[in-house]
Amino acid sequence: VTLPACPSPVAWASLVDYWAHELTPADADAVEEHVFACDTCTERLGGVGALARGIARAPRRKGGMRLMLTPSLVDTLASHGVRMRHYRLQAGESVECAVGADDDLVVSWLRADFAGVERVNATALDANGAPMERFEDVPIDRKNGQVVFAHAGDELRPWPDLSFRMRLVAVDAANECERLLGEYIFHHTAFRAGG
Amino acid sequence: VQEVLVVLIQTLRAGRLRQPERVASFVLGTSRRLAFELGRRDRRALVPTDNLDHLPAVVAEEPPAFDDTHLKGCLERLPERERIVVVLTFYAERDSQAIGDELGMAPGNVRVVRHRALARLHDCMASRGEIAS
Chain A
1 VTLPACPSPV AWASLVDYWA HELTPADADA VEEHVFACDT CTERLGGVGA LARGIARAPR
61 RKGGMRLMLT PSLVDTLASH GVRMRHYRLQ AGESVECAVG ADDDLVVSWL RADFAGVERV
121 NATALDANGA PMERFEDVPI DRKNGQVVFA HAGDELRPWP DLSFRMRLVA VDAANECERL
181 LGEYIFHHTA FRAGG
Chain B
1 VQEVLVVLIQ TLRAGRLRQP ERVASFVLGT SRRLAFELGR RDRRALVPTD NLDHLPAVVA
61 EEPPAFDDTH LKGCLERLPE RERIVVVLTF YAERDSQAIG DELGMAPGNV RVVRHRALAR
121 LHDCMASRGE IAS
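Chains A and B are the protein sequences, given in the same order. By my numbering, the letter at position 60 of the first sequence is numbered 60, and the numbering carries on one by one without gaps. By my numbering, the letter at position 63 of the second sequence is numbered 63, and the numbering carries on one by one without gaps.
Here chain B stands alone, though its shape is the one from the complex (with noise of 0.2 Å):
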């Protein structure tokens, strides 16, 4: 939240948000954005300093919304197939194309795994309290 604030506040300053209405639309944008970026790093890199210089140097991290050692039994249930694409989708941070290609797989099979799994494990976790059903 820190970051995106700070990116809003210099393009506002800048002058650069020419359509105000889409301001939603430009923070949930900017928010993905970096949310990905820091994805890609490690998780205790920080942001991109050319933007935070006169910050303090510390972003903290977001806490887990629940108990791993769940998660971890609920991914553990998955079927082989469906364990391998959420973990190559959301650790290893490759696409569908990436993905089908190393476990030849159609781009848009791998897709719905990935839905099916993720539903398997929201339901896994909601069976266990650790998340809303």
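Only chain A is shown next, with the shape it has when bound in the complex (with noise of 0.2 Å):
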């Protein structure tokens, strides 16, 4: 079924923004009464609120996702009985590390000193200082002096006996200039069923 074209669209912006209970009460009325009256802006509004749906399900997929996390949400996560295991390192600090059967994220807590720090990039480099993953723009818990990484427990449960360094990088704005922060050393057990 194709749907008349709708003179004039509401914008994306203010769907999104209508969806996340961020309008003013009048702008949400404006959006309704204009919605109400328009199948395609219904068919549009529908589609924000599918995917407003959907991200909220995802965090508590059995087996979890790469994610990088805040203090908060690591609470929220384990409210909803998300399962995580947790390591915490300082800068220089290495750790023996290993996922379980039924962890759903394996979780990260990297200190360091983001004094004057404008955006932090992460790369995770293998036993040989090979590049494995990059993060950019790693969003930095200014508070608590750290970064949170989570794996997800399906990821990680097939990976074998492997090494591995996460290096935080500071930026600037043009993402030219670094300046290391830390590296952060970890030796990963093989998940090893009913082991």
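By construction, these hints were calculated from the structure, which means they are not laboratory data. We put the beta carbon where it would ideally sit given N, CA and C, even for glycine. One thing to keep in mind: the hints can contain errors.
[As the list claims (entries may be wrong)] Some, not all, of what chain A presents toward chain B, calculated at C-beta under 8 Å:
| hint | residue |
| --- | --- |
| 1 | V16 |
| 2 | D17 |
| 3 | A58 |
| 4 | R66 |
| 5 | M68 |
| 6 | E136 |
Mind assembling these two chains? They're in different frames, but the hints should get you there.
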């Protein structure tokens, strides 16, 4: 079914703000009145809602998903029954780590001095120093001086025994100049079912 | 839909809807409020029971509109900042002020990041045929 084009569609930003409850009551009323009379924008708003509901389901999926976290988000996940294993490291430290059969997420709390730092990039390096994974502009928990990574349990359980380093670097706004903030070494023991 | 209709019928019966021409806004506003309240609860919790004592206890969840595996893939392709903003918004139900406080961003910037992230997710899901383009 092809819906008739809307001559004055509600802006995408307004649809998203509406679904996020971030419009003023007057603006929300205006969106509602338009949507009620417009099949096209009803469909578009339905699409925003479907994505929002999907996002709300995603972190609670069994087996987890790769995600940067904040302390409040860790609390929310825990309150929803997401099972997490935690490792907390200072810059320069190493840790023996593993993933259990029931772990949805393995959470790494990496502490560093972020004073004066605008943006942080992170790279996971294998034992030979080759990049495994790169994360750009990671969220910083400035209050506690840390960044918080979560890997999905389902992603980690197939891993063999291996060691890798996480390297955090401060970058300028142009992403050109880098300064090392810290390295964190993980010695991962492979998951063995029933072991 | 069921919850909203019950609230609408109760309101009409009580004579509290004084502007019938605004019934559309009323229905949508009530839907939004109830959806927000439901979202704050466990997804399996019941809707406000003071309005529904006389109805069957179970309200079915709306089935997912698409394959969540594809959405997970699209989410994992978002830049880190965009992913955390949409997860904090729609999963943890934080507003842009709270998200900005936690991530060191201005609330207006949080909203811009959210708009961009939803647009990317929409395009990603559309490219996989999971949502209308």
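Results of checking the hints against the structure:
Here the hint on V16/A is kept, as its CB sits about 5 Å from the closest CB of chain B, short of 8 Å. Among the interface hints, the one on D17/A holds; its C-beta lies about 6 Å from the nearest C-beta in chain B, closer than the 8 Å criterion. Below 8 Å, beta-carbon pairs count as interface contacts, and A58/A has one with chain B at about 6 Å; its hint therefore holds. Hint on R66/A holds. Least Cβ distance to chain B is approximately 6 Å, under the 8 Å limit.
Proximity of M68/A to chain B holds as hinted, the smallest CB-CB distance being about 5 Å (cut-off 8 Å). Contact between E136/A and chain B, as hinted, is supported at the beta carbon level, the nearest pair being about 6 Å apart and thus within 8 Å.
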